[in-house]
Amino acid sequence: MIKNLKRLDLIFKNEQDTEAILEKTLARSNEEIVNDLIDSGLKGRGGAGFPTGLKWRLAADDPADEKYIICNADEGEPGTFKDREILSSVPNKVLAGMAVCARIIGSKQGFIYLRNEYKFLVPGLEIVISEFHELMDRLNLEFRVAIFMGSGAYICGEESALFESMEGKRGEPRNKPPYPTNFGYKGKPTVINNVETLAHTYSIFKYGPDKFRDLGIKDSRGSKVFSVSGDTPIPGIYELEFGMTLQKFVDDFGDGDSKAVQVGGASGFCVPRKKFEKTIIGYQGKLTGVSLPTGGSMMIFNSSRSMYNVLRNYLDFFVEESCGQCTPCRVGTQQLLLGIEAVKRGEKPSGYLDKLLELAETMRLTAKCGLGQSVANSFSSIVENFREEMIY
Amino acid sequence: MTRIQYSVTDMANKHGRSREALLPILQDIYQAKHVISDEDMVNVARELDISAAHVYGTATFYSFLETQQSGKYIIRLCKTITCMMHGKNPVLQELERILKIKPGQTTPDGLFTLKETNCLGQCHKGPAMLVNDNPHTQLTPESVREIIDSYRREALSY
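Each protein sequence line maps, in turn, to chains A and B. 3 is the number of the first residue of the first sequence in this note's numbering; add one for each residue after it. 32 is the number of the first residue of the second sequence in this note's numbering; add one for each residue after it.
So here's chain A without its partners, still in its complex pose (with noise of 0.2 Å):
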């Protein structure tokens, strides 16, 4: 059981206080809220870590006239869940930060990119949503809030492509330049957040920066809601202090027998057993060690599981999810499976590994969106680290 991680219970406390939290917040003006989510040290907790405060300022001084608010929905990880709960218990925190985003940037039409694997949560948002206009209009607030449906497709979570998604295209991102706060949704100036850096909005607005920021370490502040399956007893979602060691991790969610922890799901890192101690669960920063982001998926896997499995299947989701625009991904994906199989058959020599981890590095350098550059991410890490369960 948790024994030495602190659990909190910030973003799923039940509170009943919507209406009194955003009174109080939007009483104060654009620039001090702001002010405060940059002092909180709140990062977009999708996984990118982007700051927040930072995202809604640039957005607020752009000048277009037409601006949205999205909240990405389109939790596609493999070994996410945690944006499932908190859209199922706490909508009304990740709505109320919608609200005040918008007035903030001058947003009036706000969209919650749903996956539709999470269809079934639609009734129960679409009571919440309409509630929340009442409140709305209480407030003054001209702002709506829709439910936009994706269609199955995991590389619409990267934010160009959920806009082209939206706008009724293919799910193919956008090169960047320009950013999503100046082009975003129909080209207009749009703030993307993940459901959990809206939920956690709310708690800085209610207990301000400080309470925030006096969790987690350097650069990491405050909590995170990790997503934990694989080989574990106690496996659920957990809101946890951020900047862990991952040994501390795997002592209280183990199955005692834990030999690699996939962190941050198929485009994260694998990590052995002899890199727990040192290696630190945080955005990348002036730290000792190694730190890994994470968009909450940790999948423990004990000594009984083949790491090479473990590749072939995060392969064959990427070769299924590339969405086939630039040749680094669509070709690339393709080829790390051919690879690998046919060193595991016999067929290639098995310094054949090098070559794919060439490979993996150009798709890492030329691939067009974080999808295609992060198949490296995984590949590496375990044909590096389990290099023998590749070849035998």
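There could be a bad hint or two in this list.
Computed beta-carbon distance windows for the label pairs [what the hints assert, rightly or not]:
hint	chain 1	residue 1	chain 2	residue 2	range
1	B	GLU185	A	GLU349	41 to 51 Å
2	A	VAL333	B	THR91	14 to 24 Å
3	B	GLN100	A	ASP139	39 to 49 Å
4	A	ASP19	B	GLN124	46 to 56 Å
5	A	LYS15	B	GLU173	36 to 46 Å
6	A	TYR394	B	THR91	35 to 45 Å
7	A	SER31	B	GLU177	32 to 42 Å
8	B	GLN99	A	TYR394	33 to 43 Å
Taking lysine to aspartate or glutamate and the EDC-like style, the derived pairs with C-alpha atoms no more than 20 Å apart in a straight line are [stated by the list, open to error]:
hint	chain 1	residue 1	chain 2	residue 2
9	B	LYS133	A	GLU322
10	A	LYS171	B	ASP80
11	B	LYS156	A	GLU241
12	A	LYS5	A	GLU386
13	A	LYS188	B	GLU51
14	A	LYS357	A	GLU386
15	A	LYS121	B	GLU97
16	A	LYS121	B	ASP140
17	B	LYS146	A	GLU322
18	B	LYS156	A	GLU87
19	A	LYS277	A	ASP254
20	A	LYS171	B	ASP59
21	A	LYS188	B	ASP80
22	A	LYS190	B	GLU51
23	A	LYS188	A	GLU68
24	A	LYS110	B	GLU97
25	B	LYS133	A	GLU68
26	A	LYS171	B	GLU51
27	A	LYS171	B	GLU97
28	B	LYS146	A	ASP318
29	B	LYS133	B	ASP180
30	A	LYS171	B	ASP69
31	A	LYS171	B	GLU78
32	A	LYS121	B	GLU147
33	B	LYS45	A	GLU169
34	B	LYS156	A	ASP257
35	A	LYS121	B	ASP59
36	A	LYS276	A	GLU391
37	B	LYS45	A	GLU128
Because the hints were derived from the structure by calculation, they are not lab data. Quick caveat: nothing in here was measured; it's all calculated off a predicted structure. Note that beta-carbon positions come from the ideal geometry of N, C-alpha and C, so glycine has one too.
With chain A fixed as given, assemble chain B onto it according to the hints.
The following block gives chain B in isolation, referenced to the frame of chain A:
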């Protein structure tokens, strides 16, 4: 899937005729018929005044839209690693045995389409599957038999 009468024109009236309406319209068509036919795509293109090739491009990009006829109940079994670790393969074998089809196929009576899909976001309760929009979790070969039976009974009661 309810066999409701629909027309592409009605859907365009409901969702609007801008390009942003395309995905909601295609989703509605698929929801109603479990297929998006060539004729539908041409009609949608006419209503929205865009090229039919664009409609086809969008309709074939997404895994929850199909241009082939699917059954009344679409089973999507998660094949991602944690569901695999917790016994997805025996569940798949049982589904194949009782439905007598392989993934990607539809039963001859048109009731069930079996598919394998990527992460459904139910990893702590794997193995998991969706039947149309409804999630079913912590599956075992025994429990999927009961689940399939319950959908068969539901189909018969119409």
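Verification of the supplied hints:
1. B:GLU185 to A:GLU349: 41 to 51 Å: 49 Å, holds
2. A:VAL333 to B:THR91: 14 to 24 Å: 20 Å, holds
3. B:GLN100 to A:ASP139: 39 to 49 Å: 45 Å, holds
4. A:ASP19 to B:GLN124: 46 to 56 Å: Once the Cβ atoms are compared, 51 Å apart, the range 46 to 56 Å for B:GLN124 and A:ASP19 holds.
5. A:LYS15 to B:GLU173: 36 to 46 Å: Holds: the Cβ-Cβ distance is about 38 Å, inside 36 to 46 Å.
6. A:TYR394 to B:THR91: 35 to 45 Å: 40 Å, holds
7. A:SER31 to B:GLU177: 32 to 42 Å: Violated: the Cβ-Cβ distance is about 59 Å, outside 32 to 42 Å.
8. B:GLN99 to A:TYR394: 33 to 43 Å: 41 Å, holds
9. B:LYS133 to A:GLU322: 19 Å, holds
10. A:LYS171 to B:ASP80: 14 Å, holds
11. B:LYS156 to A:GLU241: 18 Å, holds
12. A:LYS5 to A:GLU386: 32 Å, violated
13. A:LYS188 to B:GLU51: Answer holds: A:LYS188 to B:GLU51 is near 9 Å, not above 20 Å.
14. A:LYS357 to A:GLU386: 13 Å, holds
15. A:LYS121 to B:GLU97: 17 Å, holds
16. A:LYS121 to B:ASP140: Given that 20 Å is the threshold and the Cα spacing comes to 26 Å, the pair is violated.
17. B:LYS146 to A:GLU322: With Cα atoms ~14 Å apart, B:LYS146 and A:GLU322 stay inside 20 Å; holds.
18. B:LYS156 to A:GLU87: Holds, at about 13 Å.
19. A:LYS277 to A:ASP254: 17 Å, holds
20. A:LYS171 to B:ASP59: 16 Å, holds
21. A:LYS188 to B:ASP80: Satisfied, since the Cα-Cα distance of roughly 18 Å is no more than 20 Å.
22. A:LYS190 to B:GLU51: Holds. A:LYS190 to B:GLU51 sits at ~14 Å (cutoff 20 Å).
23. A:LYS188 to A:GLU68: 10 Å, holds
24. A:LYS110 to B:GLU97: At roughly 34 Å apart (the allowed maximum being 20 Å), B:GLU97 and A:LYS110 break the hint.
25. B:LYS133 to A:GLU68: 49 Å, violated
26. A:LYS171 to B:GLU51: Given pair A:LYS171, B:GLU51 holds - Cα atoms ~8 Å apart, limit 20 Å.
27. A:LYS171 to B:GLU97: 16 Å, holds
28. B:LYS146 to A:ASP318: Between B:LYS146 and A:ASP318 the Cα gap is close to 15 Å, so the pair holds against 20 Å.
29. B:LYS133 to B:ASP180: 18 Å, holds
30. A:LYS171 to B:ASP69: 18 Å, holds
31. A:LYS171 to B:GLU78: Roughly 16 Å separates the two Cα atoms, so the pair holds.
32. A:LYS121 to B:GLU147: Holds, because 18 Å separates the two Cα atoms, which is no more than 20 Å.
33. B:LYS45 to A:GLU169: 17 Å, holds
34. B:LYS156 to A:ASP257: 17 Å, holds
35. A:LYS121 to B:ASP59: 13 Å, holds
36. A:LYS276 to A:GLU391: 16 Å, holds
37. B:LYS45 to A:GLU128: 18 Å, holds
Against the hints set out earlier in the document, violations occur for numbers 7, 12, 16, 24, 25.
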